[in-house]
Amino acid sequence: MKSQPFEAVVRFHEGSATIDLQGEINAFAETALTQAYHQADAQNPATVVLNFTQVSYINSTGIALIVGLLAQARKNHRRLVVFGLSDHYIEIFKITRLSDFMDIYADETSALHEVKNG
Amino acid sequence: MKFFRRQTKPDEKSNGEPKSNDLQPSIPSSTRQVKPVEYEFAPNDPFLNYLISSPGVVTLEKLTMESPALEFMKNVGVKIVVPLVSQGELIGLLNLGPRLSEQDYSSDDFRLLNTLATQAAPALRVAQLARQQQAEARERERMEQELRVARVIQETLLPKELPELDNWQLDALWQPAREVSGDFYDFFEFPDGRLGIITGDVTGKGVPAALVMATTRSILRGAAERLVNPGEVLERANNLLCPDIPRNMFVTCLYGLLDPATGQFVFANAGHNLPKKCTSTSAIDLRATGMPLGLMPEMTYEENEVVLMPGESLLLYSDGLVEAHNPDGEMFGFPLLNSLITDCIDCSDQIEMLMDELGKFTGPDWEQEDDVTFVTIRRLPVLQPVAGTDGDAEGMTILADFSLPSVPGNERLAMEQVAEIVRTAGFPVDRLENLKTAVSEATLNAIEHGNNYDPAVPATIRVLKSADRYIILVTDQGGGTLIPDHVKPDLDAKLAGLQSPRGWGIFLIESMVDEMKVHTDEGHHTLEMVFILTSKDKQGVAA
Chain A
1 MKSQPFEAVV RFHEGSATID LQGEINAFAE TALTQAYHQA DAQNPATVVL NFTQVSYINS
61 TGIALIVGLL AQARKNHRRL VVFGLSDHYI EIFKITRLSD FMDIYADETS ALHEVKNG
Chain B
1 MKFFRRQTKP DEKSNGEPKS NDLQPSIPSS TRQVKPVEYE FAPNDPFLNY LISSPGVVTL
61 EKLTMESPAL EFMKNVGVKI VVPLVSQGEL IGLLNLGPRL SEQDYSSDDF RLLNTLATQA
121 APALRVAQLA RQQQAEARER ERMEQELRVA RVIQETLLPK ELPELDNWQL DALWQPAREV
181 SGDFYDFFEF PDGRLGIITG DVTGKGVPAA LVMATTRSIL RGAAERLVNP GEVLERANNL
241 LCPDIPRNMF VTCLYGLLDP ATGQFVFANA GHNLPKKCTS TSAIDLRATG MPLGLMPEMT
301 YEENEVVLMP GESLLLYSDG LVEAHNPDGE MFGFPLLNSL ITDCIDCSDQ IEMLMDELGK
361 FTGPDWEQED DVTFVTIRRL PVLQPVAGTD GDAEGMTILA DFSLPSVPGN ERLAMEQVAE
421 IVRTAGFPVD RLENLKTAVS EATLNAIEHG NNYDPAVPAT IRVLKSADRY IILVTDQGGG
481 TLIPDHVKPD LDAKLAGLQS PRGWGIFLIE SMVDEMKVHT DEGHHTLEMV FILTSKDKQG
541 VAA
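Note that the protein sequences, when read in sequence, are chains A and B. The letter at position 69 of the first sequence is residue 69 when you use our numbering, and the numbering goes up by one with no holes. The letter at position 396 of the second sequence is residue 396 when you use our numbering, and the numbering goes up by one with no holes.
Because the hints were derived from the structure by calculation, they are not lab data. Keep in mind that this is a model prediction, so the values were computed, not measured. One or more hints might be untrue.
[As the list claims (entries may be wrong)] In silico DSSO-like pairs for lysine-lysine, Cα to Cα no more than 30 Å straight-line: (1) B/K62 x B/K79; (2) B/K79 x A/K94; (3) B/K62 x A/K94; (4) A/K75 x A/K94; (5) A/K94 x B/K160.
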């Protein structure tokens, strides 16, 4: 077990931006996550998609960071959707009610399909 | 062949008359002048071939052949030569000048000389062999003495004593196949309490390997003093070793950094045997890729880490064990090593057990094929009751008891350590992620709120198990005041900016466990998390 530094990379699609998250979402992830969100936000996408496929760990501080992103997205009238969460973190998104505000998809294809047609 | 000639002149007391022993070897004395003359026969000199084939005394005056040796011998006054032949081999010459009486040698003289040669040749041969053996024995003794000194010197390069670490047991064995060895191990004690551990193996054995071993050890020591990360230490050592190491030689080496407080072992491997982590149920190979030292410069070395829980150990070893053969030619091998380790998980002396098994495998007449080196690092079980909690109830077994410095990120370490110990103890797999999140959040809470991220103040984690439950206790050094009742997080309020986005920790823990309690005394808070096993969970374990 080796601690994984967090990285966030933004990709743009028509009307949406996907942020590929990689590593552990904890206090150390704040700067990279915030910068990536601002980079995505600057292109004024209708939807921001968070890719959790490569995320190995989220702690309560990480949940707080995601709450912060959700608050910003709602303030700017952007939709926030996610995909690639493990069953355990889907459960945590439900417990915390994040899933009430963020649609959860299994993979990017289904997430983008819903973004395009939803 | 070398020709030796000794010229002897009668002493002044002699009357000049020939003596009966004129033909016997002259005995140097203070009263005689001795002038040895040396001449080396060319191997293809025809005179040499003539002497080998000659049946007896040879009168040089009668010989005519193109031979530098013959000409030389005539020039120095040799009149007759008696070849000394033993078992068909020319082993010496008996060279005589003119008789002191100036008379010619008679046929009786020739017979006497032939008889003498017949008897002298084997005696001379025996003397030559004895001298040769003495010389060889002296040379052997000299080399053995040098090797004994080399071994003493090499032993000074190994740790004179093993480091003493509370709650840890360290053992090491170094058994060269010859006087000196290419195997080595070393320990570096760092001021922050961490311990650097090296085991290495130079290709080959004996003196060449020992010389490279000494160089490698010095380079590694230098690198470990300057750098922290094991991968960087091996990278630097490799770059320094590459220009100087003899061709076709290289060094396999494992360097690990052990934190005795947490059991964390960070390691990098330059092609050495995979270290084995020995748990209560299995032996696990610890992998990290990297080329042996000395083969190619600018190599990088992968780093990995594991945590040794109380009762677990680490086995580092060279290939002298697994590559040993029995009289039937079968190799000791890894399968046997693995089964021995798992059959003897609780061995207090793993090295003694393995050496006994090696002896049984190879038999009493085994000539050790390669150097054998072991280092074992065992974290001793710490069993202490936990007062004031359900954990001191009868029937609870303490699976783990360890402390971590209060630094960011260690909550993840605690999570992995506890997950590993309960997984091997049979904790239901489908609830493992819940347990991990609960332990991580409880430890984060202790590190952040209880201990204020002070690295000198530890968070303590204890894991207990009974027939129907697991209890995990996380203790900080805060205490004194009660942990305030947490406000249930309200996501709507948080999104509206009415609540901090944070404050999820205790809520998450409560959501993950069956019971949660907080105990506070003057110096500590202990967060107790209980996972109750259902009948389904118990059936899963039994199955």
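Given the hint that A/K75 pairs with A/K94, does the C-alpha gap stay at or below 30 Å? The hint holds at about 22 Å.
What's the verdict on B/K79 and A/K94, does the C-alpha distance respect the 30 Å limit or exceed it? violated, 119 Å
Does A/K94 pair with B/K160 here, judged by a C-alpha cut-off of 30 Å? violated, 59 Å
Below or equal to 30 Å on CA atoms is what counts here, so check B/K62 against B/K79. Roughly 10 Å separates the two Cα atoms, so the pair holds.
Has the given pair, B/K62 with A/K94, been kept, meaning a C-alpha gap of at most 30 Å? violated, 121 Å
Hints 2, 3 and 5, counting from the list given before, are not met by this structure.
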